[in-house]
Amino acid sequence: MRNSFFKKSKMFTLEMSKECLDDPILQKGEFFSGDISLDSTIIKQIYSYPTNIDFMIRELTIHAMEQKAVLFYIPSLADPKLIDEGIIKPLITTGNVIEDVRSAISASGVSEEREINNAIKELNTGDTLLLVEGQAQGYLIRTSKAAGRNVEKPQNETTLLGPKESFVEKADVNISLIRKKIHSEDFTVEKMVIGERSKNEVYIIYNRELAGVEVVSEVKARIGAITKDAVQNLSLLVQHIEDRKRGLLPTILQTERPDRAATFIEDGYVVIAMNNSPFALVTPATFWSFFHTGDDHYLRFVYGNFTRILRILAMFITLFTPSIYIAITNYHMEMLPTDLLLAIAGAREMVPFPAIIELLLLETAFELIREAGIRVPVPIGPTIGIVGALILGQAGVEANVFSPIVVIVVALSGLSSYAIGDVNLNYSIRIARFGFLVAAGLFGIFGMVSCFIVCLAYLTTLKSFGVPYLAPLTPKYKSSDDTIFRKILSNENLRPGFTKTKDITKDVIRNK
Amino acid sequence: MRRRALPFLLFSMVFLLTGCWDKKEVEERSYVVAIGLDLPKGVDLEKEQAVDVTFQFSNPKLNVKGANPAEGAEMEDIITLTAPDFVTARNMANSFVTREVSFSHNKVLIISEELAKTEIFYRMLSTAFKDREMRREANIIVTEGKASEFISKNKPEMMVRPHRYYQFLIDRATETGMVPESTINRFFAITDGDADLFLAMYGSYDKNNKETGFQDEDQYIAGQVPKRGGNPIQLIGSAVFKEGKMIGTLTGEETRITRFLDNTAELRDLFSSFQDPLDKRYKIAVRLKQTKKLKVKIKKRNGPPKIEITYPLDVKVLSVPSMINYADNLENQEKLKTALKNKLKENAENLIEKTQKEFKGEPFYWSLNVRPLFDTVKEYEEWDWMNKNYPLADIHITMDVNIVGFGKQLKESNIEKVRD
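Residue numbers (my numbering), protein chains in the order written: chain A, 4 to 515; chain B, 85 to 504.
Don't read these hints as lab results, they were simulated from the structure. Check the hints yourself; a few may be wrong.
[What the hints assert, rightly or not] Okay, the calculated bits of chain A under chain B, using three or more residues with CB under 8 Å as the criterion: (1) 75 to 82; (2) 326 to 336.
[As the list claims (entries may be wrong)] Some chain B residues close to chain A (C-beta under 7 Å, calculated; not the full set): (3) Gly103; (4) Asp106; (5) Pro144.
[Unchecked claim] Not close to chain A: a few residues of chain B, all C-beta gaps over 12 Å, as computed: (6) Phe180; (7) Phe213; (8) Asn386; (9) Asp398.
The C-beta atom is built at its ideal place from N, Cα and C for all residues, glycine as well.
Can you make the complete structure from the sequences, with help from the hints?
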């Protein structure tokens with residue numbers, strides 16, 4: 004922003020007449036002059052003060068120094084209380100002679116800056132710039148405090164027994180949420196700036212002694228390769244750095260739970276955080292990391308595995324129930340118990356559409372209700388459920404548009420899909436379901452099986468940051484085999500080998 | 085983009101073209117639950133192939149809201165027509181049945197005794213073997229009289245759905261052992277093996293007093309069970325098939341013994357009564373169970389083979405109307421055991437003798453024990469178990485009877501005291 008502004012103004016001046024050559028910007032471009040009035044004019048111009056009301060200038064006289072001083076800050080980003088108490092009050096009220104301005108200010112972070120450009124950069128993040136007459140430098144005081152919400156309960160990844168805090172939109176808060184779970188000097192946060200225009204900061208978080216070198220450098224390389232001038236948040240960043248941008252399946256995990264992020268860091272994964280994103284990215288991600296939830300390990304061994312069985316069951320029910328219904332009723336009716344067959348036949352007697360059309364209609368309706376449910380304003384949210392479930396289901400059956408069994412099938416597969424916690428995996432399974440449905444409609448069980456084989460083959464070709472998608476199940480890696488089931492905690496003594504971690508054992512520290 | 089789209093289009097077209105477009109929705113078919121086969125009247129079978137086929141359809145109308153299930157349904161549900169065989173009868177039926185006739189849920193194949201005794205029966209049934217939709221686990225019921233009448237006179241009181249009726253009737257009857265398990269698959273397995281006799285369920289719809297008077301609970305064949313009221317259909321005993329042709333019948337008791345002597349059959353719930361050895365007026369009710377496998381040792385020798393059979397049975401005493409104490413008194417127990425042993429052995433020996441003399445073949449599937457004695461199939465076939473060896477074989481039975489319990493209450497109440 005700043006650079007281009009300068010470029011433009013330079014270009015501008017070339018065409019300008021001689022009268023304007025006195026413009027202070029032209030003469031004093033880069034450094035503070037020590038002359039307050041001159042410097043203020045430059046800064047005022049840069050921020051189009053006073054047209055721009057989101058910019059404050061406070062002039063004051065420091066009696067102890069017998070000097071004039073001026074403060075600049077952006078009120079919407081800076082904390083006015085801190086400016087009052089930490090900067091203005093000590094400067095004005097102190098009786099002692101001030102020799103060093105830094106010692107006179109009681110704010111925690113103060114740095115000196117000679118270049119106007121850099122000072123502006125910090126000013127833009129909410130810092131306060133203090134200029135003192137006669138000093139050819141500015142003091143940047145950390146006062147930034149952007150508006151944001153407090154740490155709240157997780158919305159999407161709820162657990163029964165896990166911690167109840169989730170990431171917020173502030174990266175430093177997020178980092179502290181992770182950091183407080185890992186008290187180690189190896190915990191590393193690296194900052195990268197992307198986006199030529201908006202200068203978005205990306206924080207790469209990993210454990211120096213655990214994370215694989217390849218993965219860290221791959222993450223950095225991919226983030227560095229982004230050429231967009233603005234990447235606002237992680238949801239957008241994901242789509243720049245993921246492996247198959249057109250693929251059906253997610254290859255980077257988004258989690259809103261700091262405890263999960265911390266666990267992944269301790270397993271040698273690399274976590275990415277960013278301002279304005281209430282979650283963190285985990286790379287590399289395997290299929291299992293999407294399938295697992297926090298509760299799997301917080302619950303006891305038996306209960307944890309029980310929920311895993313339920314979830315994998317739910318996944319297959321979501322994928323296969325509609326297609327199995329179509330395949331069996333159209334092609335393999337000898338497989339049905341006779342009573343069920345007659346029940347279906349009797350119910351379908353009055354239905355005008357073929358079973359496949361009937362099912363597709365209702366599936367689409369269900370997806371519509373679901374999408375509408377997300378977009379609907381919260382106060383009328385419950386209405387959607389009632390209208391959707393009651394009117395569509397009940398009335399559709401009453402009017403003989405759908406047979407009741409199809410409503411059961413769709414409801415079952417729809418409900419089961421909610422058991423898949425991860426939003427991305429949820430979407431991919433719901434979309435894949437339609438593929439199976441069409442295959443079943445054309446070829447029966449044979450079509451479903453072929454479709455499933457193709458899907459499995461596709462899954463094995465996927466990679467996330469160089470790690471096979473189904474690892475450690477296939478290909479086999481050294482790990483604690485935390486895939487469909489988990490072991491008891493004392494037997495989970497290996498980090499997953501596919502992250503190329505520097506220390507694979509969890510019980511004995513080997514690389515220190 | 086176009087370059088990428090073209091192969092994709094071609095690929096999907098191939099898929100669309102190979103799809104099964106002849107599929108039928110469930111409601112576009114009529115489901116046959118029972119097929120009846122009869123000899124046709126007025127057709128000379130020597131000159132022309134023909135059979136009377138009866139279809140009983142299941143009525144899905146029961147499920148339609150507002151539709152009256154009873155209204156006129158019965159007449160339409162059962163149809164009889166004369167056709168070359170029962171597979172082609174499916175299309176003939178479409179002259180008045182509007183939907184495609186499906187055999188995929190057929191439960192039973194009901195055959196009149198008359199037809200079963202002809203040579204054409206096996207040829208007729210081989211169509212069942214070839215048809216893709218025909219279920220091999222469908223049971224064969226041989227009925228005295230006409231199969232079409234067996235189907236139409238069947239009036240199950242509690243069951244609305246005919247397929248349920250057949251399913252439960254067959255399941256329960258095979259559990260109690262009164263009828264054998266007689267799937268089409270077993271029919272072909274045994275008949276093509278050409279070494280054993282096949283037993284089919286024997287049924288009857290006839291109520292008109294063929295009753296032979298009171299006997300023990302299982303010594304009847306279908307049509308003789310003394311009863312009043314209820315469905316005219318009875319299923320007890322078995323029809324004996326030799327080389328694809330019916331040659332005789334077995335009573336319910338004989339069928340039960342056959343199934344005990346057959347290791348491939350399973351029995352669950354068999355109640356039987358025996359004469360009380362200490363008081364001949366009363367009968368002891370017992371429950372029989374086979375927990376161990378029957379042992380069949382066949383010794384080949386010059387002339388007829390020698391067969392040693394160990395026949396294990398577990399007996400649970402259920403009621404002792406004579407009020408004699410068997411539970412505590414070991415001496416009495418021993419007497420009871422010996423009496424049971426003798427009776428069971430006698431029954432089995434009588435049956436074996438009957439099969440040797442009358443049927444000249446065994447229905448116990450013992451050829452499975454014979455086969456390992458030979459190195460090649462050719463030797464085995466030349467030896468000819470059914471025709472040359474079994475009818476003359478020297479068979480010894482060793483009983484292995486265990487009394488495993490005396491019911492919930494061990495002690496009999498003291499009748500003298502009650503009378504007091």
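Hints, one by one, checked against the model:
For the region 75 to 82 of chain A, the stated coverage by chain B is not satisfied: 0 residues place a CB nearer than 8 Å to a CB of that chain, which falls below the threshold of 3. Counting residues of the region 326 to 336 of chain A whose C-beta sits closer than 8 Å to any C-beta of chain B gives 4, which meets the bar of three, so the coverage hint holds. With its C-beta approaching chain A no nearer than about 4 Å, B/Gly103 sits inside the 7 Å limit, and its interface hint holds. The beta carbon of B/Asp106 is not positioned within 7 Å of any beta carbon in chain A (closest approach about 10 Å), and the interface hint is therefore violated.
The restraint placing B/Pro144 at the interface with chain A holds, with a minimum CB-CB distance near 4 Å, inside the 7 Å limit. Separation of B/Phe180 from chain A is adequate, the least Cβ-Cβ distance of about 19 Å exceeding the 12 Å criterion. A cut-off of 12 Å between C-beta atoms confirms that B/Phe213 is not in contact with chain A; the least separation is 16 Å. In this structure B/Asn386 is separated from chain A by more than 12 Å, as the shortest Cβ-Cβ distance comes to about 52 Å.
With a least beta-carbon separation of about 33 Å from chain A, B/Asp398 lies farther than 12 Å from that chain, consistent with its non-interface assignment.
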